[in-house]
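Number of protein chains: 2
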Amino acid sequence: MAEQKATNVTWHDQAVTLEDRQKLNGHKGVVVWFTGLSGCGKSSVANAVDRLLHNKGVHTFLLDGDNIRLGLNRNLSFSPEDRTENIRRIGEVAKLFSSSATVVLTAFISPYQADRDQVRALLPDGGFVECYVNASLETCESRDPKGLYKKARAGEITGFTGIDAPYEAPTNSELELDSDAKGIEELATEVVAFLETKGFLTA
Amino acid sequence: MAEQKATNVTWHDQAVTLEDRQKLNGHKGVVVWFTGLSGCGKSSVANAVDRLLHNKGVHTFLLDGDNIRLGLNRNLSFSPEDRTENIRRIGEVAKLFSSSATVVLTAFISPYQADRDQVRALLPDGGFVECYVNASLETCESRDPKGLYKKARAGEITGFTGIDAPYEAPTNSELELDSDAKGIEELATEVVAFLETKGFLTA
Chain A
316 MAEQKATNVT WHDQAVTLED RQKLNGHKGV VVWFTGLSGC GKSSVANAVD
366 RLLHNKGVHT FLLDGDNIRL GLNRNLSFSP EDRTENIRRI GEVAKLFSSS
416 ATVVLTAFIS PYQADRDQVR ALLPDGGFVE CYVNASLETC ESRDPKGLYK
466 KARAGEITGF TGIDAPYEAP TNSELELDSD AKGIEELATE VVAFLETKGF
516 LTA
Chain B
316 MAEQKATNVT WHDQAVTLED RQKLNGHKGV VVWFTGLSGC GKSSVANAVD
366 RLLHNKGVHT FLLDGDNIRL GLNRNLSFSP EDRTENIRRI GEVAKLFSSS
416 ATVVLTAFIS PYQADRDQVR ALLPDGGFVE CYVNASLETC ESRDPKGLYK
466 KARAGEITGF TGIDAPYEAP TNSELELDSD AKGIEELATE VVAFLETKGF
516 LTA
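Keeping their order, the protein sequence lines are chains A and B. Each number in this note's numbering corresponds to the 1-based position in the first sequence with 315 added. Each number in this note's numbering corresponds to the 1-based position in the second sequence with 315 added.
Please keep in mind that the hints were generated in silico from the structure rather than gathered at the bench. Cβ atoms here follow ideal geometry from the backbone N, Cα and C, with glycine treated the same way. Do not rely on the hints blindly, as some may be mistaken.
Beta-carbon label-pair distances, calculated as ranges [stated by the list, open to error]:
1) A/Thr-486 x B/Arg-458: 49 to 55 angstroms
2) B/Lys-338 x A/Thr-517: 30 to 36 angstroms
3) B/Lys-513 x A/Gly-372: 22 to 28 angstroms
4) A/Leu-437 x B/Lys-513: 44 to 50 angstroms
5) A/Asp-493 x B/Gln-319: 31 to 37 angstroms
6) A/Ser-392 x B/Glu-511: 42 to 48 angstroms
7) B/Lys-338 x A/Glu-453: 38 to 44 angstroms
8) B/Ala-484 x A/His-327: 21 to 27 angstroms
9) A/Glu-471 x B/Ala-436: 28 to 34 angstroms
10) A/Leu-452 x B/Trp-326: 25 to 31 angstroms
Let's have the full structure, built from the sequences with the hints guiding it.
What follows is the structure in structure tokens.
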């Protein structure tokens, strides 16, 4: 847990409440946290879910690994402590979006269970849906959409998850998607069905 | 400008575009950046604007100084460099919300012009509305809603804006609100009228 540095700060309730925002949007806020190896299909599934939900009139937002590293987290590296701070900040941003009654989709490798658990702890009970996009290293490496595995195998990138940095697979996630066997649209449909079943898509 | 640390990251376009989100919400995204001394009425005006816009069915979000310092920016102090990083991160978060076709209201002292200008530079042309909530130090100190001026005068808080830390008043803001002379609701109405006139409240 990051140390609280600023003192003389107090929480302020706001005029427009979460309930007000849920009513306007017609649904609840929730964070669907996609995790998995590079190339497992996190971003593709998240984008497909985004499209399906948007077409239903659901207010969504997608937080994507690289885009955040080019903006909010541009001052963070891939060192273990910076990866932790990376996920901490994203968790806080996801919480803000969720508290605006938005369905937040996040696509980050997020290799450490402790970091994912810390995000879970930030959110209300049930408001964090850990979604393990499970593809074998062989599958991911054969896809290698960004050519990064090739670079990592050649030693041009170090600290690469799955090669010379660990990936701690979720053991107790709300959802596990079989990305070795199924296609993007099928997996996205599973996620939307889960959200519907759990009541997130109504106010 | 914060240094870009992560390499091997590239921007990804998303399946659901800003235009899609504007169409769903029925209006554009914009950042209304309230700046001014502690006690000038930033949070009160921002909350009143939030309520007025919400009642019109506008999708809004309010980023408030203390709340952010208890979450995303809990690991930042009030040192000059941490204040700069504080505003940089908030600017990036405001940009994310704005890119979801949300009207973002931010209430931060944000005393340095260079920091505010950096946020402006992050956003599309016209997408940053600097709103100077202008109240004299005398007014703010007489209100002293959190008792912080009293503590600062007693030396119990150091680096307090307006007392022993500078406030650089905007010289070229889109909006200037006279918080010495006018009440919260009147000022909030001015802000909403500005947004309407500029076309932000239609898609």
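Check the following: the C-beta atoms of B/Ala-484 and A/His-327 are separated by a distance inside 21 to 27 angstroms. Given range 21 to 27 angstroms: holds, Cβ gap about 24 angstroms.
Could you tell me whether the CB distance from A/Leu-452 to B/Trp-326 stays inside 25 to 31 angstroms? Cβ of A/Leu-452 to Cβ of B/Trp-326: about 26 angstroms, so the range 25 to 31 angstroms holds.
Mind checking the hinted window 28 to 34 angstroms against the Cβ distance between A/Glu-471 and B/Ala-436? holds, 33 angstroms
31 to 37 angstroms was suggested as the range; check whether the CB atoms of A/Asp-493 and B/Gln-319 agree with it. holds, 36 angstroms
Falls inside 44 to 50 angstroms, the C-beta gap from A/Leu-437 to B/Lys-513? Given range 44 to 50 angstroms: violated, Cβ gap about 35 angstroms.
Is 38 to 44 angstroms respected by the C-beta to C-beta distance linking B/Lys-338 and A/Glu-453? holds, 42 angstroms
CB-CB spacing for B/Glu-511 and A/Ser-392 relative to the 42 to 48 angstroms hint: At roughly 44 angstroms between Cβ atoms, B/Glu-511 and A/Ser-392 fall inside 42 to 48 angstroms, so the hint holds.
Starting from the range 30 to 36 angstroms, see whether the pair B/Lys-338 and A/Thr-517 falls in it by beta-carbon distance. The hinted range 30 to 36 angstroms is violated for B/Lys-338 and A/Thr-517, with Cβ atoms some 22 angstroms apart.
Verify the CB-CB distance for A/Thr-486 and B/Arg-458 against the hinted window 49 to 55 angstroms. holds, 53 angstroms
Beta-carbon spacing of B/Lys-513 to A/Gly-372 - inside the hinted bounds 22 to 28 angstroms or not: holds, 27 angstroms
The structure is inconsistent with the numbered hints 2 and 4, although it conforms to all the rest.
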